[in-house]
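Generate the whole structure from the sequences, applying the supplied hints.
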Amino acid sequence: MAEDINFKNLLKEISIPLLAILSSFIIGALIVMASGYDPIATYSALLQGAFGGLNSIADTLLAATPLIFTGLAVAFAFRCGLFNIGGEGQLLVGGLTAAWVGTFKGIPMIIHLPLTLVAAMIAGALWVAIPAILKAKLGVHEVITTIMFNYISYSLVAYFSLKVLANPGSIQTPDIEPSAYLWRLSNVLDIHSYFNIGFLIGLIVLFVIYYLLWKTTIGYEIRAVGISPDAAEYGGISAAKNIILAMLISGALAGLGGAERAMGLFHNYRNGFSAEYGFTGIAVALLGRNHPLGVLFAALLFGALFNGQDYMNMLAGVPVDLVTILQAVIILFVAADLLFRRVLALKPEGRKGE
Amino acid sequence: MEAILEMKSITKEFPGVLANDNVNLDLKKGEVHALVGENGAGKSTLMSVLFGIYQPTKGKIFYKGEELKIDGPNDAIDLGIGMVHQHFMLVHTLTVAENIILGSEPSDKGRLKLSNAIDKIKSLSDEYGLNVNPNAKIKDIPVGMQQRVEILKALYRDAEVLILDEPTAVLTPQEVKGLYKIMDTLTEQGKSIIFITHKLKEVLTVSDRITVLRKGKSIGTVNTTDTSETQLAEMMVGRKVILKVEKKPANFGSIKVEVKDLKVSNTRGMLALDNVSFDIREGEILGVAGVEGNGQTELVEVLTGLRKADSGLFKLEGQKLLNQSARKIKEAKVAHVPEDRHKHGLVLDYSIEDNLILGYHYKKPFAKGINLDFNSMAEHAERLIPDYDIRPRNKEILARSLSGGNQQKIIIAREFDMGPEFLIASQPTRGVDIGAIEFIHKRIVEQRDQGKAVLLVSAELSEIMSLSDRIAVMYEGRIVDILDASEATEEKLGLLMAGSTVKSEE
Amino acid sequence: MEIFQQIFNLETFSSTLRMAIPLMVAAIGGMFSERSGVVNIALEGMMLAGAFVAVVASYFTGSAWLGLLAAVIFGGLFALIHAVVSIRYHADQVVSGVALNLLAAGGTVFLLNILFNTSGTSPSVNALPYWGPFKPTVYLGLLIVLISHYVLFYTPFGLRVRAVGEHPHAADSVGIDVEKIRYVCVILSGMLAGFAGAHLSIGVLSIFREGMTAGRGFIALAALIFGKWYPFGAMGASLLFGFFQAIEIRLQGIEAIGIPAEFIQTIPYILTIIALAGVIGRATPPAASGEPFEKGKR
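Residue numbers (the working numbering), protein chains in the order written: chain A, 1 to 354; chain B, 1 to 506; chain C, 1 to 298.
No wet-lab data here; the hints were simulated from the structure. Small disclaimer: the values here were computed from a predicted structure and weren't measured. Treat each hint with caution, since some may be false.
[What the hints assert, rightly or not] Below are the PhoX-like pairs computed for lysine-lysine, each with C-alpha atoms no more than 25 Å apart in a straight line:
#1 Lys-248(B) to Lys-263(B)
#2 Lys-364(B) to Lys-241(A)
#3 Lys-241(A) to Lys-368(B)
#4 Lys-228(C) to Lys-137(B)
#5 Lys-28(B) to Lys-8(B)
#6 Lys-29(B) to Lys-69(B)
#7 Lys-368(B) to Lys-137(A)
Structural data, given as structure tokens:
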């Protein structure tokens, strides 16, 4: 079975995200200039911050790690025709769960580590379960319900982390046990970065998802439901079952992203746990055309942007929110599918063969 | 008679397709001029050019002697050209009157004023015998009346030329007669009608002259009195067409499929299926005739597990299958060629290879556990593609890029190859070119000759009559009668389709 | 019983109205957009942008009224992006909405930084004056609901909007410019959402705070669905949601009940979900909602 298209088509498909990135950078440059800053200094500071030196590169990969998970989460749901906008909340819930399970004492690492990861995945999946069921059984649009759950998670996670788990007076939960640590590269190399094997786990998960989607009957069914729920139903494929499955896997992936933060980066849960990873994940998925490989590259791009933005702020003075704006513009351009297809004279997607 | 409309040397190009190639058409005042051709011959395109929806690449249009440019539907409407579309352009949530005035709404200081319009609609309705209630919502009126609303739309705008695009597709034979009467009244009053169809019998009944299109070109214009069905069919297709399918004599076995007292309610609480019962024997094709919308779709959905029945019985070789899942029913060797191949039969963005296992993908040989077995899938595709003449012969191509006929062949290849015991084929040749139609008919008969049970649902009476051994007619969710094919005539079937019962002596 | 009195009194009524206004005006905006066939989940972003622009304009001109005007105009312009991308370039309308929300979120904070050198809260500006017990935006908001009902059901434009959203090809076949109507409706939705945002920043308060819309744009969408895409329905739903938002503050003050403040914060969102779950099955959006219009396609 041909999982993808032939090379020429592939090239054409890649060119759209590339053009989107290029266009957004040009617009970013214009905004920067209009605000009285130097675009060249801005972008070179950004670049330096992201890749200038071993520590910076490690930090870029570290910044990309949660985006791999949230991007994959969104991409996977998209493959079933679903918009999981709740990655942010699922990541927080997963992260808090990991921060909690990670504190259990007296468990050997060989059990504790996977246990904590699985707990985070389950938490993320549970957090999306209600929107999933509402969609599968009642047809309620998952965009609004997942967004609502984001807002609910902000309040509840704040409560449980600060008022239940944290020691009085502390703004973070107790540190997790070393048996739940994700091993950091800084243990052997002389770097400051907290880059850890969570990245490796991300790569493994990318491959697993790729395999799941294109080499298994599960993926065949999920993608069929995403492309044509009616045809899938005709083919004996249960749309409801697959919608729920896809959403749960999606939530679990986002939860896993939270686990990496808790077990690799912070070793606890704290205020400011997530730097909008869930929403950036949407941009990552879109830019990566909902394909695991694309998600990887997009995550690396956004990780670079995120890592470099502080340096950019420091050196060129531009507020870090420029990066958010760049993100938004990228999404807009990727979404304006037809715009680039016209420019590149590609056949519009979804047109019946004539 | 003077020509009121002349389309000269009309050519319309789309990217990759020459839809109209130097076509000439003239319309005399007060005539009914039929425009015939197969699907894709260019009839709708030509009329869209006339109606201003498209601009011709080349060619001129003359109306009442003057050369014109028609820039859009508004221009055409202003000139007095009205179009009754095949797929009604009516907004279901609005009333008849609102639909009719849409686009030229009468208003008083910004506020909608419908009263004058309603009066005019009432008087037009009476004048032409259209019998339409201006205040009814479109979703609440029957299909035949909806069509008359479309006609009213044109008349309301003082149309002199009416284009009717496949108007009889959704009408019973009796409603068709009603339409013919309306057309008579219209031409008596000096209106001119262009009548688009692919149904030859109608054309011979109702028209004065006929223009035949084939693959974008005009083959010729003839007087109706000078021509015959056979000649028209030849012009349409370009070669001698056998209008009947060859069939071995019947060799029925024991009863294979039992259906009893199926009851299904629809969303409005009415019965979509009202105590439907029939049997099918081994080696038999049971055709189901009827105007669309009388329960055929629901019947097929119930038998294939896509819809739940309220009560009843459905057995295949003794196995109870009613209200089982679609997957279980497939596993019981029930194959389904669906009526809407884009919606149901194919995942358009999957390749031919992927589509050839749809519904069977989770079993051996195509899967081991959850892992897909690509070798088996490839073998399967490489065997079926030449066997069923699917073109182009490349299993990686997405189903979306194939023609309707080839898409249908994928479905047929898949369903037939699984070795079904009970084959359900719903509108199997809709939108399919004649070459593929012959192929599909042959294959269906093959299944029958191998001793399978076949349920054939079709809106094309000729298809039903040539393929079936027995014919059931559905009307308002009931099976009105089941006739032996040898006894069935178009007239009898037509009466049954309209709900009357036939006494064979009459 | 004391709790009862605490909840059902005049103060609650005026809070309810104040909380409901941005919801209902934004919902009406969403109504026009969706009724014409364009899904708009960017009400949140448009509201936020409007809130911000109102404060900026008020800051630089000293006039809150100019701030209101600026919010409305800018909201329309912001929505134009959604319109162009969705209508002309056939973007997935949900994705475009998400992008716009992001753009507003990032853009407002970015500009907050550039213009006022703060991150989080703008300086205080001139707010709208009181007209009796309420701010002008409250009265104007109610007026907007009335006018919208009239426009949608008693004018040719409204008829066309409804036709375009249900069956754009039918409208096209009688010569109606489907795209134009959709552009107008989407821009209108931005203008109204901008108005709603201005009510928040220079009506109720006199500052802009980062993320101050806090999901109201989505609650407005829920109110729209709850109200079955009718102006008065949206208004009723907005009042209901506004009521719960109003008492949330009141209940928080009564922590004697023992419910943590954070739990009470979640009530509006939970209610929205319940509303959506309960309403589905009876509520059907305009038939052509969410699908780009392609001329000539059957």
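Results of checking the hints against the structure:
{"no.": "1", "hint": "Lys-248(B) to Lys-263(B)", "in the structure": "violated, 35 Å"}
{"no.": "2", "hint": "Lys-364(B) to Lys-241(A)", "in the structure": "holds, 22 Å"}
{"no.": "3", "hint": "Lys-241(A) to Lys-368(B)", "in the structure": "holds, 21 Å"}
{"no.": "4", "hint": "Lys-228(C) to Lys-137(B)", "in the structure": "holds, 19 Å"}
{"no.": "5", "hint": "Lys-28(B) to Lys-8(B)", "in the structure": "holds, 14 Å"}
{"no.": "6", "hint": "Lys-29(B) to Lys-69(B)", "in the structure": "holds, 20 Å"}
{"no.": "7", "hint": "Lys-368(B) to Lys-137(A)", "in the structure": "violated, 30 Å"}
Going down the numbered hints, you'll see the structure goes against 1, 7, while the others check out.
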